[in-house]
Amino acid sequence: MNFILSEEQQMFRAMFRDFSAKEVAPRAEEIDHEEKPPLEVLRKAANQGFLGATLPEDYFGAELDGVSYALLIETLAGDCMSTAVTLATHVSLVAMTILGHGTDAQKEQYLPLLASGEAIGAFALTEPDAGTDATALQTRATPSTGGGPEGEVVLNGVKTWVANGGIAGLFLVFAAAPGGITAFVVEKDTPGLTVGYREPTLGLRGVAINTLYLENCRVPAANRLGEEGEGWDIAQQALHRMGITLAAAGLGVAENAVDVAAQFASERVQFGVPIAQKQAIQDYLADGLIEVEALRYLVYHGAWLADQGNDLTFDAAVVKVFAARVARSVTNRMLQVMGGYGYMEDYPMARKYRDARALGIIGGPTELQQVIVARRIMAGRDVEITP
Amino acid sequence: MDFTFAPEHVALRRLVREFAENEVAPLAMEIDREGQVPFETLRKMAKIGLLGVCFPQEYGGMGAGETGYCILMEELGRVCTSTATNVGAHIGIGAMSIYLDGTEEQKQKFLTPLARGEKIAAFVLTEADAGSDAAAIRTRAVRDGNEWIINGTKTFNTNGSFADIVTVLAVTDPTLGVRGGITAFIVESDTPGFTVGTHENKMGIRGSSTAELIFEDMRVAHENVLGKVGEGFVSFMKTLDLGRLTLGAACLGGAEAALEASIHWAKTRKQFGLELAHKQSVQWMIANMATEVEALRSLVYRVAWMVDTGQPFTQLAAMCKMYGSEVASRAIDTTLQIHGGLGYSRDYPVERNFRDARISEIFEGTNEIQRIVIASNIFRQHGVRIRP
Chain A
1 MNFILSEEQQ MFRAMFRDFS AKEVAPRAEE IDHEEKPPLE VLRKAANQGF
51 LGATLPEDYF GAELDGVSYA LLIETLAGDC MSTAVTLATH VSLVAMTILG
101 HGTDAQKEQY LPLLASGEAI GAFALTEPDA GTDATALQTR ATPSTGGGPE
151 GEVVLNGVKT WVANGGIAGL FLVFAAAPGG ITAFVVEKDT PGLTVGYREP
201 TLGLRGVAIN TLYLENCRVP AANRLGEEGE GWDIAQQALH RMGITLAAAG
251 LGVAENAVDV AAQFASERVQ FGVPIAQKQA IQDYLADGLI EVEALRYLVY
301 HGAWLADQGN DLTFDAAVVK VFAARVARSV TNRMLQVMGG YGYMEDYPMA
351 RKYRDARALG IIGGPTELQQ VIVARRIMAG RDVEITP
Chain B
1001 MDFTFAPEHV ALRRLVREFA ENEVAPLAME IDREGQVPFE TLRKMAKIGL
1051 LGVCFPQEYG GMGAGETGYC ILMEELGRVC TSTATNVGAH IGIGAMSIYL
1101 DGTEEQKQKF LTPLARGEKI AAFVLTEADA GSDAAAIRTR AVRDGNEWII
1151 NGTKTFNTNG SFADIVTVLA VTDPTLGVRG GITAFIVESD TPGFTVGTHE
1201 NKMGIRGSST AELIFEDMRV AHENVLGKVG EGFVSFMKTL DLGRLTLGAA
1251 CLGGAEAALE ASIHWAKTRK QFGLELAHKQ SVQWMIANMA TEVEALRSLV
1301 YRVAWMVDTG QPFTQLAAMC KMYGSEVASR AIDTTLQIHG GLGYSRDYPV
1351 ERNFRDARIS EIFEGTNEIQ RIVIASNIFR QHGVRIRP
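Top line first, the protein sequences correspond to chains A and B. Note that my numbering has the first sequence beginning at 1, numbered continuously upward. Note that my numbering has the second sequence beginning at 1001, numbered continuously upward.
Read the hints as simulated data drawn from the structure, not as lab findings. Heads up, none of these hints are tricks.
Simulated coverage check for chain A against chain B, where a stretch passes if three residues somewhere in it have a Cβ under 8 angstroms from a Cβ of chain B: (1) 196-203; (2) 336-346; (3) 363-376.
Keep in mind that this is a model prediction, so the values were computed, not measured. In this text, a Cβ means the ideal position worked out from N, Cα and C, and glycines have one as well.
Turn these sequences into a full structure, and let the hints guide you.
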């Protein structure tokens, strides 16, 4: 066991903090209030190699280890959760999935585009009737017949809540093929692919979350990621990786909230003293930091595990549930520390509170993760756990 | 014991619910989006007497008492927290402060048009450095013959930007502090020196207006002193006590609506081949929410009954506000979770209710202040005097 960040990780963290303070923090309020995807930040992040954060250098990635990547997401989320989730979707859900399951040709074709930011990745799994129950997909992938060239697949269906949908160049689409759920890489300019409605959301207002329409959308069979029928496992692995990454974002927003509220409490004078001297406020801050520290090591552990090649099903569920809970409860209490100012949009806490609430829902709701944890607990006890 | 509502209160609820569903609910999303105070709705409420629901008929009110007022706030809280906030600031603290401490002439002159809804009220207390610590106000009133000259800046004033009549708390003798040094005034907003400053951009209750008020050499007649000179702080706190009860009633409405929305969605939404209602996690969420709603309902109407029958209620009213706001926040948080992504979308009311509900833990005395009120009452009964 070793709980110390390596020199390299510490150096990276300092660099991430510099970047975030300089490029992300000044734009965070505008990104939220104007609901602007952080394209400018992404361009700057691409120059730093962050868009290929965990991709190998062969594909122009930065080849960060899992913990360093968690530190990146944590740092960005501290200043702007929209930016962190946009980047996390691109890296954890799309780039890493292509790296994990793509053929050499697919990797060579797509990963450099993603790493350079020439194309942003979007993840299209959810449908109107397939939310928590992603097995209920109705989008169809059928082999092309009549007229079309050999070796094409035709996609038809509607995908909702497609993270990065409005800014993406590449879509990872999951559809039911004759052999089961299958993943496809679909380029934005493919005829039949239309990006539709942008979801107006409580928080994460800088994340472009859109509906995606696929109408006789023909993609080369060569764009199939993995084998036919492997899509379900591919999606699950991506979501597990994303669970850990989102937890890192939860850590970032929560620890930054404590910092902001602590500063406020040290300056705000009521009853003749800074409110930091009131025991109730101390309790809020102390409980907040205790939860943050517990989450921190759960996140770094999960991030480290992601590098070990283990199955992440259980650990990702644990860390995601805990992160959602901590991010929600900490931002909620820190808002309370700031009283009326916490409720005003001219201060950052209201945004953090709205953003943090997403973690209980996106990437699979808490209730589904708990089923996964319960299933692990019951493994070997001859009880079948179904959602 | 008798837990039934009087026939006139049953009739009032029917009237208010119909009004809330037909006139208030359809505008709730729009006023949030546009950040618009629903003036037309307020005018319609005035027309049917609701803006004076609790005040005696001799002052233009409906005479439905505190219980009737709680019914109004509960029903408004069910459909639109912004509207409930506008109404609460008008009746519950603005007009109420005049009702509780005004002279007969002041009630005739100011309360009557407020109760009839011809004019709108606001309650002007908070300052930048005096939030929870309301005694730290610095707005100053200096006597000049038969007038007072008031100078200062007040923040976070609900209805402040459009109210016609406001009650203002100011320091009249800095050497005396809260006992003897602070006085309440009734001020008409067309008084020279009365200016509306910046409007707050809030996370929720965006259909209510929260504005800064600036007083510069504002001259107010001595006859507009509310209550006695030097007793304004006590007077304002007494008004806030009552406001806490009715805020609890609005929270009750919000929690009930959340429960109903959750039940509806749990019956409708299918995942894994079954309605969510068949998932035990969801069942427990609903069971917990329903239990808290029932506990809150009992608390709110018990305290309303205590007020209407002249019993002391300060500690319990603080509990109404504190518990009510926390029940409502928990309920709407659970509702959002049950709705999943749709709960997070601004296209559905759950999201607005989530933002709106959160203010109740903060305004009209933060829940921390309520806990201090409750604890200091308890310890006083045990011979211990505590300070905030």
